[in-house]
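Student: Quick note, the sequences are listed as chains U and V, same order.
Straight run, no breaks: the first sequence in our numbering ends on number 232.
Straight run, no breaks: the second sequence in our numbering ends on number 256.
No lab work stands behind these hints, which were simulated from the structure alone.
As the structure is a prediction and not an experimental result, all values here were calculated from the model.
Do not take every clue at face value.
[Claimed, not checked] Below, in silico cross-link-like pairs of lysine to any residue (SDA-like), each with a Cα-Cα straight-line distance of 20 Å or less:
| no. | chain 1 | residue 1 | chain 2 | residue 2 |
| --- | --- | --- | --- | --- |
| 1 | V | K88 | U | K15 |
| 2 | V | K176 | U | M177 |
| 3 | V | K176 | U | K55 |
| 4 | U | K55 | U | L121 |
| 5 | V | K50 | V | A66 |
| 6 | V | K176 | U | Q9 |
| 7 | U | K15 | U | T91 |
[Stated by the list, open to error] Derived coverage of chain V by chain U (criterion: at least 3 residues anywhere in the stretch with Cβ under 8 Å from a Cβ of chain U; other residues may be distant):
| no. | region |
| --- | --- |
| 8 | 129–140 |
| 9 | 153–167 |
Think of the CB as a built atom: it goes at the ideal place given N, C-alpha and C, for glycine as much as any other residue.
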Amino acid sequence: MPIGHDGYQVGTGFKAILRRDLTSVWRNRSDIASPLVFFLISITLLPLGVDPSDKLLAVIAPGMIWIMALLATLLSLDSLFRQDYDDGSLTQFILSPQPLYLTVLAKVIVHWLTTGLPLALIAPVLGVMLSLPAGGYWPLVLSLIIGTAIMSLIGAMGAALTVCLRSSALVLTLIVMPLYLPVLIIGSNTVSSSVAGFGAAQGLALLGAALAMALLVMPVAAAGALRISSNH
Amino acid sequence: MAWQWFHRLGSPRWFYEKSSRWLVWFAPLSIALMLVGIGWGLGFAPIDSKQGDSYRIIFIHMPAAALALAGYYIMAIAGAVGLIWKMKLPFMVMKSAAPIGAALTILTLATGSLWGHPTWGTFWEWDARNIFMLVLLFLYAGIVVLAEVYPSRDAADKACAILALVGTINVPIIYKSVDWWYSLHQPASIKLTGGSTIHSSMLYPLLVCILAYYCFYTLALILYTRREILVREARTSWVLELAQGQGKSNKAGDGL
């Protein structure tokens with residue numbers, strides 16, 4: 001374990017925040033449900049609004065499940081730093097000798113564990129409802145697992161920039177949406193190309209590369225943004 | 001010694017006074033270039049054999065598209081300089097570049113769809129470049145909105161700079177992914193000019209137009225930045241003196 005400049009062990013704060021956030025999520029279990037319920041309801045509305053025939057649904061299922069997962073992630077972003085900003089914990093994180101990068105990373109991991117991962121895990125059920133063809137299930141789950149992690153990382157930057165604003169929903173959407181576009185394109189294409197029989201390896205590899213890049217860049221950007229928005 | 005010019009960039013007053021001198025010749029030059037380029041392209045360049053007169057919109061459309069993209073990088077570089085060296089002026093340039101860039105993307109989209117109607121038979125086609133321009137507009141809009149809603153100006157500058165920098169990493173990725181998406185979907189293939197290269201009688205006015213757009217962009221950026229300087233430095237003594245000086249000369253003019 002590397003030692004920080006004040007004699008602190010660099011990993012301790014990371015673990016503490018991970019444990020604290022997971023505990024607080026566990027105590028407010030109903031919060032986890034809201035993106036899942038949104039996901040479920042919007043997918044239920046889709047055949048009612050469009051056309052319930054198997055043929056059409058099978059064609060649009062990969063894209064629709066991906067779009068709804070994206071919107072569900074977007075809905076949950078605002079809460080990422082909101083409470084820490086309101087009760088002053090954020091200032092403590094910034095003042096502590098723990099690198100802010102690791103703090104942000106811990107919070108993103110908890111966010112992904114409680115929104116992205118459950119979304120990816122219930123996606124096959126929704127795939128059955130939208131009559132997704134047989135070859136698409138594993139690629140759907142795997143692409144959503146990686147894709148939601150990227151979206152949590154990008155979203156952390158957006159949430160950090162807008163945490164000090166009173167009504168942040170519009171700005172957050174406007175900032176984050178264009179950055180989500182490549183993830184959506186690659187993710188839904190991974191599913192539809194494996195349904196068409198071309199395999200998912202290429203799409204998953206691209207998503208993995210995007211995740212590696214987002215892991216390097218986004219926590220740094222989010223940490224910088226938190227420093228700015230916390231002491232204006 | 002060699003870096004003196006760079007440190008001077010930190011002073012809004014220096015830039016304001018210098019740019020007053022530049023504008024005397026630069027403003028007429030860029031307006032004249034614009035008139036020559038657009039006039040040549042729209043009035044005197046020969047008619048295209050396949051597209052007729054509708055191709056002429058390229059003289060307005062193509063330089064606007066090029067500058068909309070280049071403008072994003074100008075904005076992001078200005079933001080980076082401001083963040084790294086903690087200077088005031090680059091942030092003002094960054095904030096001024098955002099609405100100009102957004103206006104250029106709107107111009108590109110509008111002229112593109114006006115051209116698409118007679119040529120492709122539709123105002124909007126889900127073409128890779130169309131989507132990319134639309135996303136670029138969203139990226140610009142994000143920066144404009146973020147700059148407006150932030151409670152303090154200092155924080156707004158830094159926040160916009162961070163967003164612009166993250167955007168620069170993403171712009172090539174978005175461009176490639178949209179391109180890839182488009183080639184996967186393979187819609188009815190649209191050949192623009194059938195691979196024919198542009199004839200010199202059309203190329204020269206186009207080059208003049210590109211040069212004119214670059215000059216005009218610089219002019220707009222300088223004017224917007226000067227306005228931003230005056231707004232932000234309104235309480236400093238040199239701006240007050242400037243305003244009072246102008247007031248006096250106006251009165252003197254009235255008296256005569």
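Student: All the hints need checking, so say for each whether the structure fits it.
Tutor: Hint check:
As the CA atoms of V:K88 and U:K15 are separated by approximately 39 Å, the hinted pair breaks the 20 Å bound. Our distance criterion of 20 Å between C-alpha atoms is met by V:K176 and U:M177, whose separation comes to about 17 Å. In summary, the hint linking V:K176 to U:K55 is not supported, as the alpha carbons are separated by about 31 Å, beyond the 20 Å threshold. Restraint check: the Cα-Cα separation between U:K55 and U:L121 comes to about 24 Å, which exceeds 20 Å; the hinted pair is violated.
Taking the CA atoms of V:K50 and V:A66, the gap is near 24 Å; set against the 20 Å cutoff, the hint is violated. Restraint check for V:K176 and U:Q9: the C-alpha separation of about 42 Å exceeds 20 Å, so the hint is violated. Taking the CA atoms of U:K15 and U:T91, the gap is near 18 Å; set against the 20 Å cutoff, the hint holds. Figure legend: the region 129–140 of chain V, annotated as covered by chain U; annotation consistent (3 residues with Cβ-Cβ distances under 8 Å, at least 3 required).
Here's how the region 153–167 of chain V fares: 9 of its residues keep a CB closer than 8 Å to some CB of chain U, so the rule of at least three is met and the hint holds.
Going through the hint list in order, the structure does not satisfy hints 1, 3, 4, 5 and 6.
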